[in-house]
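Listed below, chain by chain, are the residues.
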Amino acid sequence: MTLKPVIAKEFKTVSAISGPLLFVQKTRNIAYGEYVEIISQDGSVRRGQVLETSFEMAVVQVFEGTGGLSREHTVVRFTGEPLRFPVSTDVIGRMFNGSGKVIDGGPPIIPKEKLDVNGAPINPKSRAYPTDFIQTGISAIDGMNTLSRGQKLPLFSGNGLPHNEIAAQIARQAKVRKTEEKFLLIFAALGITADEARFFRNSFEESGALSRSILFLNLAQDPTIERILTPRLALTTAEYLAFEEDYHVLVIITDMTNYCEALREISAAREEVPGRRGYPGYMYTDLATIYERTGRVVGKNGSITQMPILTMPNDDITHPIPDLTGYITEGQIIVDRALHRRGIYPPIDVLPSLSRLMKEAIGPNKTRDDHKELSDQLYYMYAEGRSLRELVAVVGEEALTERDHMYLKAADRFEREFISQGRYEERSIEQTLDIGWNILSSFPESELKRISLSTIQKYHPAKRHKV
Amino acid sequence: MLNQRLKHGIITKVVGPVIFAENMENIAMYEMVKVGLDKIIGEVIRIEGNNAVIQVYEDTTGVSPGEPVEPTGSLLSVELGPGLLNQIFDGIQRPLTILEKESGFFIKRGRYPEALPRNMKWPFVPIKKEADRVTAGDILGYVKESPLLEKHAIMVPPHIKEGKLSYIIKEGEYTVEEIIAKIDCGQNNIVEVSMITKWPIRKPRPIKRRVSTYLPLITGQRIIDALFPIAKGGTAAIPGGFGTGKTVMQHQLAQWADANVIVYIGCGERGNEMAEVLERFPELKDPRSGLPLINRTILIANVSNMPIAAREASIYTGMTIAEYYRDMGYDVALMADSTSRWAEALREISGRLEEMPGEEGYPAYLASRIAEFYERAGRCEVLGSDERYGSISVIGAVSPPGADFSEPVTQSTLRVVKVFWALDTNLAQRRHFPAINWLTSYSLYKNDLDLWFAKIFPDWPNLTKEIMQVLQEEEELIEIVRLVGPDALSETQKLILEYARKIREDYLMQQAYSPTDSYCDLKKNYHMMSLLSYFYNTAKALVDNGIPVSKINSLPAVQELGRMKFVPNEEFESFYHNLRERLKSDLSSLTKGVKS
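Chains F and U, in that order, are what the protein sequence lines are. Quick note on the numbering used here: the first sequence kicks off at 1 and runs consecutively. Quick note on the numbering used here: the second sequence kicks off at 468 and runs consecutively.
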């Protein structure tokens, strides 16, 4: 930004109020994206942002909603600055509402810096490719869809599925092994219920994670439009702590579906041409401004890892919200209803799940040298078993060959022994891989085509016990 | 020529990346302007009376009505000359390495460092001499730009019809701005030529004529080279849902395609993917020369959270650079990942302009813009009095929402491209990569290119045809199995299924990250096909004699087929002869078993 004088201007010329939007007339020289304070009749202050500005008029979106505002008595103060959030290491262990006000009863934050909540894109040249393995203690993730530091990996779930438990378990257990680095958790709630928020709080408290967490809570009864702001506050804080204070930050955002609903509401109020299912055409770009605020940069110690959670409407993965998310994030972890019904926890379906950064995060010195081959073989085995299951449904078990039975059995064992684990069970990567080997040891070696002979020699249980 | 003006326009309205301004007399369409007090760059995209609509290439937060708009008198252009290779630019050719040095790891606004380094000296070797007659496109001399491109041609600018070289500098090291030649075009018009030139990105560089495409672009990817090949100068689309491996495919092609220059446009995709290219390409070696691949690569990175108007411009920036190298007589391959993000940028700007929307909110001109872009590909005779040929092959990734190929961007693309590599979500979920669906993909170059392949390997066309037939038969047989169970199949049919499975798993699947499998040269590719075909045709005779498929399959030599892809290119020929012998003896041992 150049050195423009920062002058606040006040107007009382609200001409129209529509949904979350305020139309202010006869404004002059109001900047695009400027932060706005809206003072209502009773003196309370709401916050907003300029969405459109011209000589005649400015359009302001009000984060706290427009309920109770009147045309005549509302004062709109344009601050001449973008919306900034005060940050310092004091925020650690604190709790904020969705628009960044302290709600834990503690003292206000003494800022070290005030940062523009919209951030700026990281220069692709400056990025460091994520390669550090994060052990979540969950086999379905560590073994099959490995998470790494600086990755954005969402949980795609559905209503009534245990995504919260999985997220809480990851928050409890996530660690980079053999390091004593500074780790932080930032949790942003968007429109979740008070019960769910309490669940997360209790879970962090139990595990002692609360003192190294920062919570931003916009609950179901809180203003919808505030949800546009909440993740940006969380990520601005994360960027400061990661890149200025060298923390490794894990950001969990739930539920992104509510964020997209808020986006749609604003778009509808502005009477924009809708894209698919009424969501605005720029939703991809808008989501990217959240998800892409993740990663590592060359020359900085800290990192931001992002785990957004979203519930797929009607479990439909082609719905615009999961679809656009999947195009931006580096993979996805899919929570599956059929597995859940069968009583498997965590019900993660590893076949459609994916971690794009896995290949760089695993292997010797990171996890173990057999990891890649083993997970490839497990994938093949499970995919084969699953397609045979469909075949059984049609032609019955009798028609199957011996080889087919072997795969069917192994796929069942894979779900019961490998995927399934306790809510408080934390498996090391070695335990995870060894469970995989146990299942594969029921196959003759000639079926293990994706594993090299030398790896079989080294890790196959039959060979290992002989030594 | 655009008029000189002293007057500034005034901003009247700001809506995201779109700015409305008044007082803009004599402004030209697509003229570059400097917007606001920060002087950020924009481009005029609509003119109404004295008012203009401008799309701005950077974030407009903080810009307000009343601020000035300064015309520049030139169209949005890129700088062309030595120093492009090995670089990474944003969508409007800002060098990201220099931006990083100037403003740190967050991209700051309003900084426009020069795209080509001005102080660097390049070794120039003239090949023309004074008093030579020259015409547009003639090569004045060469610059060694990088180890993989030793002859960067400095050419007579396209607008010069005919002239006499009145001065040319002697061999030596010069910066891009030094005058290296003067051309006397008559009537006291003397044109000075330096190594740097500018070209507006939306205007295709002129050529002499288009010529037919008959040479394959060898990619080292088995399924592409054998079944769905692309020609040098051809166009291909890779549509696929998320997670189907579009980007890995594009990276593979950028690494291994046998082009002289690669232009890789990361258009609205992930920042980490560009970081991956930047980290890996300097380490990867060109299979032909053994030199790092980054030496022939130019990266354009306008990732998803960078300004969308610059995303719209990025593919034209990349294309203009590609045309520049084509004009020297090189084969250029351009990868755009992903054209859907570019189309979305068009849609967003169109929406801000309140244009009448077409299908799914895309502007009505979407199809024509896509066609225009792919039309800039092709193999042609370039300008110049010597007969030179160059080509641009374009490979565009498409990201259809919900993996639904009926959406407008995929459909408009398929109307113009000649190769369709359909990525399949089911294959990807089974970790079958590259996840190119062999039943729905096609290449319209296949027949023409088969002539070329047949010159090297006479039975190449037959082998590829056999593979396609078997895969088609497999599909039908699987349908039967689904309905009545595997018992209904005869042994012959079981052998076909087994052959098809071997083709899929041991041949078509190719591991991008395996050092021995990532790049498969034509010879290895051919030998793999012949081994599989030999296995099938020999085994078929055995099955006809009543030997069960399961018995054939358990032979060690047959099992060995499963590991052949990991045999390195250079060892493959001896491996091939060896395995073929063993297949022969193993299979014939079964015949003896029957007889005795």
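Be careful, since some hints might not be right.
[Claimed, not checked] The list that follows gives simulated cross-link-like pairs (lysine-lysine, PhoX-like), each with its CA atoms no further than 25 Å apart: (1) Lys568(U) to Lys114(F); (2) Lys449(F) to Lys969(U); (3) Lys1018(U) to Lys409(F); (4) Lys575(U) to Lys611(U); (5) Lys114(F) to Lys575(U).
[Unchecked claim] Taking beta-carbon pairs under 10 Å as the criterion, some of the chain F residues facing chain U (in silico): (6) Ser126; (7) Thr401; (8) His405.
Source of the hints: derived by calculation from the structure; they are not laboratory data. Owing to the predicted nature of the structure, the values given are computational and were not obtained by experimental measurement. Where a beta carbon is used, it is the ideal one built from N, C-alpha and C, also for glycine.
Comparing the hints with the structure gives:
1. A threshold of 25 Å between alpha carbons decides the hint, and for Lys568(U) with Lys114(F) the separation of about 24 Å falls inside it, so the pair holds.
2. For the hint linking Lys449(F) to Lys969(U), the alpha-carbon distance of about 12 Å falls within 25 Å, and the restraint holds.
3. The suggested pairing of Lys1018(U) with Lys409(F) holds, with an alpha-carbon distance near 24 Å, which does not exceed 25 Å.
4. At most 25 Å may separate the alpha-carbon atoms for a hinted pair to count; Lys575(U) and Lys611(U) exceed this at roughly 33 Å.
5. For a cut-off of 25 Å, the pair hint linking Lys114(F) to Lys575(U) stands: about 17 Å separates their Cα positions.
6. Nearest Cβ of chain U to the Cβ of Ser126(F): about 4 Å, under the 10 Å cut. The hint holds.
7. Among the interface hints, the one on Thr401(F) holds; its C-beta lies about 7 Å from the nearest C-beta in chain U, closer than the 10 Å criterion.
8. The closest approach between the C-beta of His405(F) and any C-beta of chain U is roughly 13 Å, which is over the 10 Å cut-off, so the hint fails.
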